[in-house]
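K.L.:
The residues making up each chain are set out below.
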Amino acid sequence: MQTTAVSDLISGAREFEELFREHYQLVYRTAYGVTGRAEDAEDVLQTVFLKLLRRGTSPDSYNNMRGYLYRAAVNLSLDILQARQHHVLTDKDDGEDFRPAVCAEPYGITHQQLSAALSHLRPRAVEILILRYTHDYSDAEIAKMLGTSRGVIAVSLYRTRARLKKLLRTTTSKLEKHS
Amino acid sequence: MKRPEANIDDVLGKILHSTPEEEMEAAGSRVLQRLREDNANLQLLPAQSSGRQTWKLLAVTATIVVLLVSAALATAVLVRTKKEGPPKVPVQQGASSETLPTPKTESQAARGEPVRDRKSDAAEAKLRQSAPASSKNLQFEVASLRPESSQTAGGDEGEPFMDCQGTNGRVRGGAALAPPLGRCVGRHASLMTLISVAYGLDELDWLATSKAGNSWPAWMNDPREHGYQVEARAENPATTTKEQLQQMLQALLADRFKLQVSWQTGEVNGYVLVRANGGPKLKEASVEEPLTFTRKPIGDTVLGIVTGRASMKDFAQFLSGRVVLQARVADGTNFKGIYEINVSALRPTPPRGSDGAPGGPRSGGAGVGGPSDSFLALQDALQQQMGLQLNATKIPAKLIVIDHAEMPPSN
Numbered sequence: 001m002q003t004t005a006v007s008d009l010i011s012g013a014r015e016f017e018e019l020f021r022e023h024y025q026l027v028y029r030t031a032y033g034v035t036g037r038a039e040d041a042e043d044v045l046q047t048v049f050l051k052l053l054r055r056g057t058s059p060d061s062y063n064n065m066r067g068y069l070y071r072a073a074v075n076l077s078l079d080i081l082q083a084r085q086h087h088v089l090t091d092k093d094d095g096e097d098f099r100p101a102v103c104a105e106p107y108g109i110t111h112q113q114l115s116a117a118l119s120h121l122r123p124r125a126v127e128i129l130i131l132r133y134t135h136d137y138s139d140a141e142i143a144k145m146l147g148t149s150r151g152v153i154a155v156s157l158y159r160t161r162a163r164l165k166k167l168l169r170t171t172t173s174k175l176e177k178h179s
Numbered sequence: 180m181k182r183p184e185a186n187i188d189d190v191l192g193k194i195l196h197s198t199p200e201e202e203m204e205a206a207g208s209r210v211l212q213r214l215r216e217d218n219a220n221l222q223l224l225p226a227q228s229s230g231r232q233t234w235k236l237l238a239v240t241a242t243i244v245v246l247l248v249s250a251a252l253a254t255a256v257l258v259r260t261k262k263e264g265p266p267k268v269p270v271q272q273g274a275s276s277e278t279l280p281t282p283k284t285e286s287q288a289a290r291g292e293p294v295r296d297r298k299s300d301a302a303e304a305k306l307r308q309s310a311p312a313s314s315k316n317l318q319f320e321v322a323s324l325r326p327e328s329s330q331t332a333g334g335d336e337g338e339p340f341m342d343c344q345g346t347n348g349r350v351r352g353g354a355a356l357a358p359p360l361g362r363c364v365g366r367h368a369s370l371m372t373l374i375s376v377a378y379g380l381d382e383l384d385w386l387a388t389s390k391a392g393n394s395w396p397a398w399m400n401d402p403r404e405h406g407y408q409v410e411a412r413a414e415n416p417a418t419t420t421k422e423q424l425q426q427m428l429q430a431l432l433a434d435r436f437k438l439q440v441s442w443q444t445g446e447v448n449g450y451v452l453v454r455a456n457g458g459p460k461l462k463e464a465s466v467e468e469p470l471t472f473t474r475k476p477i478g479d480t481v482l483g484i485v486t487g488r489a490s491m492k493d494f495a496q497f498l499s500g501r502v503v504l505q506a507r508v509a510d511g512t513n514f515k516g517i518y519e520i521n522v523s524a525l526r527p528t529p530p531r532g533s534d535g536a537p538g539g540p541r542s543g544g545a546g547v548g549g550p551s552d553s554f555l556a557l558q559d560a561l562q563q564q565m566g567l568q569l570n571a572t573k574i575p576a577k578l579i580v581i582d583h584a585e586m587p588p589s590n
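Chains as they are written, first to last, in this note's numbering: chain A, 1 to 179; chain B, 180 to 590.
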């Protein structure tokens with residue numbers, strides 16, 4: 001019998017499409033939440049599933065496909081943020097390179113400014129934040145998904161919010177100074 | 180306007196919850212289309228085709244050639260039939276043979292149906308022989324089985340699991356998400372785990388086999404240092420049953436581990452569920468409902484509750500393997516109907532690490548030492564609430580004997 005390494009467990013086109021349809025909203029919402037731009041979210045969506053198509057998945061991924069895709073989306077989105085971090089902190093690019101993703105700007109904060117702040121956080125903190133605010137999971141649900149306790153999630157969210165406050169204060173003051 | 184940082188919760192709620200739905204749908208369609216194109220390109224790459232696929236291509240080509248030749252021959256025979264009358268085929272009768280006209284051939288020819296002759300029959304037989312996945316020797320189309328110790332996994336020590344997903348269900352379980360159809364997937368799976376899945380054994384089978392005096396080398400049950408990563412796919416995932424996947428896994432183990440097993444039947448310690456003194460206290464039900472077990476901590480005690488609607492046979496089966504018993508339970512009630520099952524047993528919380536220690540029944544037999552508190556609590560609950568009891572007895576069991584197994588080469 002031929003024993004060949006299998007890297008293409010998701011080989012069936014129909015199967016792959018089913019997988020895509022089941023999870024693409026999770027990936028897109030996550031990417032949009034982090035990057036704040038539809039173009040970036042689409043890039044992330046394509047990259048995540050293209051990797052899956054070309055490289056296949058490990059058995060670990062099968063164990064938790066949703067978790068795997070979610071983490072991949074967060075990490076790729078953060079990579080994009082890192083790449084454009086220095087642009088976002090200035091407002092002269094708004095309307096040129098960076099179209100505001102959110103028309104309503106609650107309390108004068110744009111999605112880009114929030115994204116810039118997110119880029120300073122650890123991936124794990126961003127994962128928790130997006131699960132909480134973009135996907136509306138409760139602390140208990142997030143704890144279950146990430147295999148930790150509810151208390152850890154609550155503390156992490158508290159710290160992340162505090163850090164974001166600080167980061168946004170810096171961002172807005174820079175903008176005010178610039179204007 | 181309030182300072183933004185004062186309303187961080189609102190800011191996050193509004194901004195992070197603002198995904199444009201229509202744009203997302205459109206992006207999803209676009210990306211899917213691009214992925215389809217990419218997938219098509221990938222499938223055209225020669226590097227993607229394995230040697231087996233090349234052989235498959237050759238086989239398909241050969242099949243088409245055989246079919247064309249058969250069709251040509253059939254046409255020739257049809258022409259001859261029209262000219263010379265019905266063809267004659269040999270009929271074997273004991274040692275002698277004679278030629279008789281084929282009764283249906285004429286009408287078939289008259290209807291314009293293809294006429295069969297020996298050559299086309301032979302061609303069909305050849306096709307049957309070359310059909311994939313004969314039931315006698317099922318094998319995976321592709322399979323990877325690699326050693327995966329705590330060192331090679333690079334610190335990645337997830338829970339061991341081994342799962343196969345067939346068209347009629349899953350074998351074993353352990354993974355949160357079932358593998359795709361027609362595939363077997365495992366991580367950190369010991370040889371014992373692989374054998375369990377391949378032969379449909381559960382812990383009680385191993386326990387019974389072990390108690391019967393069989394022992395195995397330590398490496399066979401050491402998922403951390405001698406675990407294996409398994410990824411295997413059937414040739415036709417959409418039509419492969421879990422039983423066929425098990426046969427394929429058996430073949431894989433025989434190939435890689437040189438595994439040879441045999442079966443014995445014997446008797447092992449167990450329990451039989453019977454009527455208690457005072458008669459049964461059962462209420463009949465019309466429909467079955469899956470049995471469930473729930474635990475509710477109440478102070479220093481734990482309330483274990485079994486509920487559902489089931490036959491006594493299923494109830495006995497459900498009790499089999501419960502931590503408190505650690506032995507098979509056979510039905511000895513002779514009740515044929517479906518009954519309401521509602522048993523709750525209160526027992527003290529066992530000290531950490533001692534839960535599950537099997538205790539023998541009151542009358543002795545199964546287990547070592549005296550009956551555990553858990554067993555006594557269950558026994559009392561069964562007697563008082565259902566009018567049933569568990570008696571220790573010897574029950575028949577199948578025992579698997581590993582005649583030979585080798586560690587596969589590291590590569």
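These are computed hints drawn from the structure, not numbers from a lab.
Fair warning: there could be bad hints in the mix.
Chain B is nowhere near these chain A residues, computed Cβ spacing over 12 Å in every case [as the list claims (entries may be wrong)]:
{"#": "1", "residue": "L19"}
{"#": "2", "residue": "R21"}
{"#": "3", "residue": "A72"}
{"#": "4", "residue": "N75"}
{"#": "5", "residue": "A83"}
{"#": "6", "residue": "R132"}
{"#": "7", "residue": "T134"}
{"#": "8", "residue": "A140"}
{"#": "9", "residue": "E141"}
{"#": "10", "residue": "G151"}
Below, simulated DSS-like cross-link-like pairs (lysine-lysine); rule was C-alpha separation at most 27 Å, straight line [claimed, not checked]:
{"#": "11", "chain 1": "B", "residue 1": "K462", "chain 2": "B", "residue 2": "K475"}
{"#": "12", "chain 1": "B", "residue 1": "K492", "chain 2": "B", "residue 2": "K515"}
{"#": "13", "chain 1": "A", "residue 1": "K144", "chain 2": "B", "residue 2": "K193"}
{"#": "14", "chain 1": "B", "residue 1": "K421", "chain 2": "B", "residue 2": "K475"}
{"#": "15", "chain 1": "A", "residue 1": "K165", "chain 2": "B", "residue 2": "K193"}
{"#": "16", "chain 1": "B", "residue 1": "K421", "chain 2": "B", "residue 2": "K460"}
{"#": "17", "chain 1": "B", "residue 1": "K437", "chain 2": "B", "residue 2": "K460"}
{"#": "18", "chain 1": "A", "residue 1": "K166", "chain 2": "B", "residue 2": "K577"}
{"#": "19", "chain 1": "B", "residue 1": "K577", "chain 2": "B", "residue 2": "K437"}
{"#": "20", "chain 1": "A", "residue 1": "K144", "chain 2": "B", "residue 2": "K421"}
{"#": "21", "chain 1": "B", "residue 1": "K460", "chain 2": "B", "residue 2": "K475"}
{"#": "22", "chain 1": "B", "residue 1": "K462", "chain 2": "B", "residue 2": "K421"}
Which stretches of chain B does chain A cover? Using the computed rule of at least three CB atoms under 8 Å from a CB of chain A, they are [claimed, not checked]:
{"#": "23", "segment": "200-210"}
{"#": "24", "segment": "477-488"}
Positions of the beta carbon are idealized from the N, C-alpha and C atoms, including for glycine.
K.L.:
Each hint: holds or not?
P.N.:
Structure-based check of each hint:
no., hint, verdict
1, L19, "9 Å, violated"
2, R21, "8 Å, violated"
3, A72, "14 Å, holds"
4, N75, "17 Å, holds"
5, A83, "20 Å, holds"
6, R132, "8 Å, violated"
7, T134, "5 Å, violated"
8, A140, "18 Å, holds"
9, E141, "15 Å, holds"
10, G151, "19 Å, holds"
11, B:K462 <-> B:K475, "25 Å, holds"
12, B:K492 <-> B:K515, "8 Å, holds"
13, A:K144 <-> B:K193, "25 Å, holds"
14, B:K421 <-> B:K475, "35 Å, violated"
15, A:K165 <-> B:K193, "15 Å, holds"
16, B:K421 <-> B:K460, "40 Å, violated"
17, B:K437 <-> B:K460, "53 Å, violated"
18, A:K166 <-> B:K577, "67 Å, violated"
19, B:K577 <-> B:K437, "22 Å, holds"
20, A:K144 <-> B:K421, "30 Å, violated"
21, B:K460 <-> B:K475, "24 Å, holds"
22, B:K462 <-> B:K421, "36 Å, violated"
23, 200-210, "holds (count 6)"
24, 477-488, "violated (count 0)"
Checked against the numbered hints above, the structure violates hints 1, 2, 6, 7, 14, 16, 17, 18, 20, 22 and 24; every other hint is satisfied.
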